[in-house]
Amino acid sequence: MQPIDPYDFYRVGDLLSDDERQVRDTVAKFVDERVLPNIAEHFEKDEFPREMIPEVAELGLLGCTIDGYDCAGLNYVSYGLMCQELERGDSGLRSFVSVQSSLVMFPIHEYGSEEQKNRWLPALAKGEAIGCFGLTEPDGGSDPGVMKTVAKRDGDDWIINGAKMWITNGCLSDVAVVWAETDEGKRGFLVERGMKGYTTREIKRKFSLRASVTSELFFDNVRVPDANRLPKAEGLAAPLSCLTQARFGIAWGVIGPAIACFNEVLDYSKVRVLFGSPLSHKQAIQMRLADMSRRITTAQLLVMQLGRMKDAGTMHHTQVSLAKWNNCRMAIDICRDARDMLGGSGITVEFSPIRHMLNLESVITYEGTETIHQLIVGGELTGVYAF
Amino acid sequence: MRILTVIKQVPDSNAAIKVKGDGSGIETAGLKQVCDPFDEFGVELAIQLREKGNDVEEIVAICVGGDKAAEALRTALAMGADRAVHINDPKFQSMNELFIAYVMAEVVKKDEKGYGFVFCGKNNIDLDSGAVGPALAEYLDLPHVGAVTGLDLTNGGKSFVARRRVEGAEEVLEGETPALLTIEKGLVEPRYPSLPNLMKAKKKPVQVVTSAELPDIDASTAGTDFIEMSPPPPRPDCKFVEGEPEEMARELVRLLREEAKVV
Ligand SMILES: Cc1cc2nc3c(=O)[nH]c(=O)nc-3n(C[C@H](O)[C@H](O)[C@H](O)COP(=O)(O)OP(=O)(O)OC[C@H]3O[C@@H](n4cnc5c(N)ncnc54)[C@H](O)[C@@H]3O)c2cc1C
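If you read the sequences in order, they're chains A and B.
Just so you know, the working numbering puts 280 at position 280 of the first sequence, and the rest follows in order with no gaps.
To convert a position in the second sequence, counted from 1, into the working numbering, add 1000.
Simulated from the structure, these hints should not be mistaken for lab results.
Treat the numbers as computed from the prediction; the structure is a model and nothing was measured.
Take these hints with a grain of salt, some might be off.
In silico lysine to aspartate or glutamate, EDC-like type, Cα no more than 20 Å apart, as pairs [unchecked claim]:
id: 1; chain 1: B; residue 1: 1204; chain 2: A; residue 2: 20
id: 2; chain 1: B; residue 1: 1068; chain 2: A; residue 2: 14
id: 3; chain 1: B; residue 1: 1200; chain 2: A; residue 2: 20
id: 4; chain 1: A; residue 1: 29; chain 2: B; residue 2: 1126
Restraint ranges, calculated between C-beta atoms of paired labels, are given here [what the hints assert, rightly or not]:
id: 5; chain 1: A; residue 1: 44; chain 2: B; residue 2: 1150; range: 36 to 42 Å
id: 6; chain 1: A; residue 1: 201; chain 2: B; residue 2: 1013; range: 43 to 49 Å
id: 7; chain 1: A; residue 1: 44; chain 2: B; residue 2: 1213; range: 54 to 60 Å
id: 8; chain 1: B; residue 1: 1157; chain 2: A; residue 2: 193; range: 46 to 52 Å
id: 9; chain 1: A; residue 1: 287; chain 2: B; residue 2: 1028; range: 30 to 36 Å
id: 10; chain 1: A; residue 1: 128; chain 2: B; residue 2: 1143; range: 42 to 48 Å
id: 11; chain 1: A; residue 1: 41; chain 2: B; residue 2: 1200; range: 34 to 40 Å
id: 12; chain 1: A; residue 1: 201; chain 2: B; residue 2: 1208; range: 57 to 63 Å
id: 13; chain 1: B; residue 1: 1014; chain 2: A; residue 2: 370; range: 31 to 37 Å
id: 14; chain 1: A; residue 1: 67; chain 2: B; residue 2: 1014; range: 29 to 35 Å
id: 15; chain 1: B; residue 1: 1254; chain 2: A; residue 2: 5; range: 42 to 48 Å
id: 16; chain 1: A; residue 1: 32; chain 2: B; residue 2: 1028; range: 17 to 23 Å
id: 17; chain 1: B; residue 1: 1257; chain 2: A; residue 2: 343; range: 36 to 42 Å
id: 18; chain 1: A; residue 1: 128; chain 2: B; residue 2: 1138; range: 46 to 52 Å
Where chain A lies over chain B, by a calculated footprint (3+ residues, C-beta under 8 Å) [to be verified]:
id: 19; segment: 1029-1039
id: 20; segment: 1195-1202
Note that beta-carbon positions come from the ideal geometry of N, C-alpha and C, so glycine has one too.
Given only the sequences and the hints, what does the whole structure look like? Please build it.
Right under this line is the structure:
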């Protein structure tokens, strides 16, 4: 009988193809060797590991599901595994890759003109250009239907006014995918750094996702040519389809920190001797470890089926909501519990749980808060959307 | 010139190793296996020689191993090797490294175009004998330099200067190709195979060789026989010294002197 792997209790890894396994192992090795040695320091110093951009690009992680335009053309299970391994490093780094891939390259690929694709996709894949996605506004993120950023036609151009808030990669970005209200409904625009009236400002004093740049975007009569409008994006459905992509990645991603914390606390419990025996010999500790294992295993199985449905083209966005909700809740609970089981040691970044649990405060909030996902599932079940 | 890089699939360095009950090897079910990091040095070196503008016609990765070992070859192909030779036959599943080298030599000899360089890792992280490189050189009748830490091609690749670290000094050797070099850590930093290259590697040719295509060879041909593998003896129980610091120190010194007899 094959021994049980505590980090893959149900051998979900056996469900992967050789390709998928190789993608996972390649990214895992990169994270072990290049990310984990320095990431806590970046978190502590509140700085994005900018020097990682060329490495991440060279590895082909940016836009890796796109076929062509110098991208890898991987399936979505591979994309999920990549997110999981990156986030085992840090949610901030995974957020960088998610935004660039799912929220910038995806909409350009899906809704852009051929000219926009040729101009931006290869550069974004190589990390020579950085992108951000501006949907959320200061007056409320959960209800993106109400949008105060407006674009008005002016001849062949558009004039954009308004502001976006909590935008990952904002200050780093060369191009922003900005969603605005127009007379014709909601539209997406590629706003480029340097366009007159467009400015960005970093949001400071964050205690979460410290190794990621979060920004405000301001638009003061920004003139954008119609050639920069995403021609195929009409209405709120377009940005929501981007969110489905990103939420899918998050549902996989958060398994990474959960495993990282579980691993650390499982090892720690075997060497921490209290009241005459290691913590791992105590019933109360074993129950908590067993519970972590149960929840990680459930989450792994959930996203595996979700990924298979996505690759088959049969996935419903409500299924992504359920997975994002379940897995973020699983991960944040496990990281917090691991933090507690480390005692005082758990409050320093020498151990990963406090960093991961703080990061997950953002991850459980962005791309739809837990409540929003519960309401999406509730609405699906009852036919009544109760937002 | 053509370069051959020898690849072995080995257990990941973090994996827990369990010896099989019958001593015939280790349990591989569920074991994470990777391309040996030392062998990756050889692949990387070959690619770098090409990237530096040397006339490297072909980089071939060769491996003796079961079906799963194809993954290690794929890593080499994704890094930049042009094609692979996978010697895959239950008859060749052996812990006997000299035998493995012998089998490999038989396959290499059949390739008439020949290789300018054969690169191997200095040793493999699993069996750690460092025997495969020198043995392969012997069977192929090639000169061999072990644990190379520096390499320059001279005379348009007809000869080379290799450096190696020895106790308190660096040794510089000159030689002519063809030659076999085993590569030490530090000469090159293996690149990560990128995800697009991993996908492209699937399309590169992999030649599978079985025992049917080789003369009848068995383990005894190689000169050594693998007998068995056994787990290391269990560690003796830990003894805890208790009491006041001074008493503990005194007791510890007494134990080291009288029981362990190390001071
Ligand atoms: C680090 C970080 C990075 C981000 N990156 C991006 C980005 O790149 N691009 C982007 O566009 N946005 C981004 N966001 C924004 C994110 O998506 C929003 O913060 C999120 O959607 C929540 O919006 P809000 O902050 O305005 O909270 P609100 O919408 O004001 O929600 C406040 C609270 O009310 C609850 N609530 C909302 N509606 C209901 C209801 N109907 N019934 C009951 N309770 C309700 C919510 O669950 C929450 O608890 C990011 C956020 C963070 C923190």
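Structure-based check of all given hints:
1. With a C-alpha separation of about 18 Å, the suggested pairing of residue 1204 of chain B with residue 20 of chain A holds against the 20 Å cut-off.
2. For the hint pairing residue 1068 of chain B with residue 14 of chain A, the CA-to-CA distance comes to about 13 Å; that is within 20 Å, so the pair holds.
3. Annotation: proposed proximity of residue 1200 of chain B to residue 20 of chain A holds, straight-line Cα distance about 14 Å (limit 20 Å).
4. Pair hint residue 29 of chain A plus residue 1126 of chain B holds up; C-alpha atoms about 18 Å apart against a cutoff of 20 Å.
5. For residue 44 of chain A paired with residue 1150 of chain B, a C-beta distance near 39 Å keeps the hint of 36 to 42 Å intact.
6. Evaluation of the 43 to 49 Å hint for residue 201 of chain A and residue 1013 of chain B yields a pass: the beta carbon distance comes to about 45 Å.
7. The hint said 54 to 60 Å for the Cβ distance between residue 44 of chain A and residue 1213 of chain B, and at roughly 59 Å that hint holds.
8. The beta-carbon spacing between residue 1157 of chain B and residue 193 of chain A, approximately 48 Å, falls within the hinted interval of 46 to 52 Å.
9. The given range of 30 to 36 Å is respected by residue 287 of chain A and residue 1028 of chain B, whose C-beta atoms sit roughly 33 Å from each other.
10. Remark: the range hint 42 to 48 Å for residue 128 of chain A to residue 1143 of chain B is upheld by a beta-carbon distance near 46 Å.
11. Between residue 41 of chain A and residue 1200 of chain B the C-beta distance comes to about 35 Å, which sits within the given range of 34 to 40 Å.
12. Between residue 201 of chain A and residue 1208 of chain B the CB atoms are about 59 Å apart, so this pair conforms to the stated range of 57 to 63 Å.
13. At about 34 Å, the beta-carbon gap between residue 1014 of chain B and residue 370 of chain A stays in the expected band of 31 to 37 Å.
14. As the Cβ distance of residue 67 of chain A to residue 1014 of chain B is approximately 34 Å, the hint placing it in 29 to 35 Å holds.
15. At about 44 Å, the beta-carbon gap between residue 1254 of chain B and residue 5 of chain A stays in the expected band of 42 to 48 Å.
16. Remark: the range hint 17 to 23 Å for residue 32 of chain A to residue 1028 of chain B is upheld by a beta-carbon distance near 22 Å.
17. At roughly 38 Å, the beta carbons of residue 1257 of chain B and residue 343 of chain A sit within the given window of 36 to 42 Å.
18. Distance hint for residue 128 of chain A and residue 1138 of chain B: a CB-CB separation of about 50 Å, consistent with the stated range 46 to 52 Å.
19. Counting residues of the segment 1029-1039 of chain B whose beta carbon lies closer than 8 Å to any beta carbon of chain A gives 4, which reaches the threshold of three, so the coverage claim holds.
20. Counting residues of the segment 1195-1202 of chain B whose beta carbon lies closer than 8 Å to any beta carbon of chain A gives 6, which reaches the threshold of three, so the coverage claim holds.
Checked against the numbered hints above, the structure breaks none of them.
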